[in-house]
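A.B. asks: Residues per chain are reported as follows:
Protein chains: 2
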Amino acid sequence: MTSDQVPGGPFDDPDYRAGVVELLALLSYGELSAVEQLNQDSQDAPDLRTKVAIQTMAASEWSHFVQLRDRLVELGEDPYAAMESFRTTFARFHGKTEPSDWLEGLLKAFVGDGLAADFYREIAAFLDADTRQLVLETMSQTGNSEFVVDQVREAIAADPRVAGRLALWGRRLMGEALSQAQMVVAERDVLTAVVVGAADRPGGFDLASIGRMFTRITEAHAQRMARLGLDA
Amino acid sequence: MTSDQVPGGPFDDPDYRAGVVELLALLSYGELSAVEQLNQDSQDAPDLRTKVAIQTMAASEWSHFVQLRDRLVELGEDPYAAMESFRTTFARFHGKTEPSDWLEGLLKAFVGDGLAADFYREIAAFLDADTRQLVLETMSQTGNSEFVVDQVREAIAADPRVAGRLALWGRRLMGEALSQAQMVVAERDVLTAVVVGAADRPGGFDLASIGRMFTRITEAHAQRMARLGLDA
Chain A
1 MTSDQVPGGP FDDPDYRAGV VELLALLSYG ELSAVEQLNQ DSQDAPDLRT
51 KVAIQTMAAS EWSHFVQLRD RLVELGEDPY AAMESFRTTF ARFHGKTEPS
101 DWLEGLLKAF VGDGLAADFY REIAAFLDAD TRQLVLETMS QTGNSEFVVD
151 QVREAIAADP RVAGRLALWG RRLMGEALSQ AQMVVAERDV LTAVVVGAAD
201 RPGGFDLASI GRMFTRITEA HAQRMARLGL DA
Chain B
1 MTSDQVPGGP FDDPDYRAGV VELLALLSYG ELSAVEQLNQ DSQDAPDLRT
51 KVAIQTMAAS EWSHFVQLRD RLVELGEDPY AAMESFRTTF ARFHGKTEPS
101 DWLEGLLKAF VGDGLAADFY REIAAFLDAD TRQLVLETMS QTGNSEFVVD
151 QVREAIAADP RVAGRLALWG RRLMGEALSQ AQMVVAERDV LTAVVVGAAD
201 RPGGFDLASI GRMFTRITEA HAQRMARLGL DA
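So the protein sequences, as listed, match chains A and B. Residues in the first sequence are numbered consecutively from 1, following UniProt numbering. Residues in the second sequence are numbered consecutively from 1, following UniProt numbering.
Heads up, some of the hints might be wrong.
For chains that are exact copies, the list does not tell them apart, and a pair is met inside one copy or across any two.
[What the hints assert, rightly or not] No more than 16 angstroms apart at the CA atoms, straight line, and that leaves these computed lysine to aspartate or glutamate pairs for EDC-like:
(1) Lys51 to Glu84
(2) Lys51 to Asp101
(3) Lys51 to Glu36
(4) Lys96 to Glu146
Calculated from the structure, these hints are not laboratory results.
When you get a sec, could you build the whole thing from the sequences and use the hints?
C.D. replies: So this is what it looks like as structure tokens:
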């Protein structure tokens, strides 16, 4: 019996249920859109080995997508209809962060992979057992983006000016991600309540807890940028 | 112990070994190039559900690629160097069969998937036990292209003129595939010997046996086209 089938369980609360469905749809669309971005990046790969490394990342995100989509189906939802409502969010983000070359694409993949993992980790604690397990399982399969670290460090070693340009690009990526996240928070009460663990608290969520979550994610991003030799 | 480690086994013959390495490289590059073509196709998908169906095909071809590549590694080969030598073959094929719209892309994916399965089936009997098992395992995972049948039949029902155009396109795809295959036969003796089962026969392969294989594959193609409601 999964969490949604337990009488008196968290899914008896229609707001929690609606919030989890929105969350799974958001994560699904995010994974699918990561796959598409990586597919595009891999077209510009300088050699077969690197192309395959990028497609290996894409395959990992794809398996996350499949798990999340299948959970939406288990919950009796049409996954594509649920995902459709997040199309604009991701179109806005990708439209404003179109990589202008191979290195920018690599950095975007790396930053995106890291932000997703941080976000999954942040929200896991607040979810029912089955949704939490799903989120933690999908998150645990990251790590395929590690080859980016070498590639970026090599590019900086070859031309130190690259560091300044990529640092700027990293700030733009983070800024756009936060800006889209804030729009989602503003537009989606039930989703936000689930994400900050306020679904079962009277009075709902407070904006300060969201602000603290964004701060923690920004700090983790800065540490990742530092591993690449880049200022955040 | 795998076939290549058996003393006195088929891999003791340097021609057989070289032929199998070329075969695995050819199949790997073919699968990777199918993934890339499907990735491109999925960009034009009319809706999320169809996009995901195309990406599901791509994920299946990707898993074939990974198995074939890993076998090259097991054999002590650099898979990317081995694959590199087939770049021109696939670039020529894809350069001459660029789909001009969504339906042509779908048909190309369907035809390519079917031809690959036919080819795998043709050659399986002539391979050592491990290579045969690998080839049969990757082949058994096809079937994700079945949704193409519905899509093409619907498009023809909506506009019967589509059938003529797609039939022509199917003939062009098959013609180009055979033309590239004939070039591979002309250029690659050890590969061809393995593929037609002549690696262990004195006197090598005869062109007639290759002709018969191409004829059987062409007949299977015609049957697939008929299922779509198209003349071959």
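A.B. asks: One pair to classify: Lys51 and Glu84, alpha carbons no more than 16 angstroms apart. Within, between, both, or neither?
C.D. replies: between (29 angstroms within a copy, 12 angstroms between copies)
A.B. asks: Between the shortest in-copy and the shortest cross-copy C-alpha distance, which are at most 16 angstroms for Lys96 and Glu146: within, between, both, or neither?
C.D. replies: neither (25 angstroms within a copy, 37 angstroms between copies)
A.B. asks: Classify it for me, Lys51 with Glu36: is the Cα-Cα distance of at most 16 angstroms met within a copy, between copies, both or neither?
C.D. replies: both (14 angstroms within a copy, 10 angstroms between copies)
A.B. asks: How would you classify Lys51 and Asp101 at a CA-CA limit of 16 angstroms: within, between, both, or neither?
C.D. replies: Intra 15 angstroms, inter 25 angstroms, cutoff 16 angstroms: intra-copy only.
Checked against the numbered hints given earlier, this structure breaks only hint 4.
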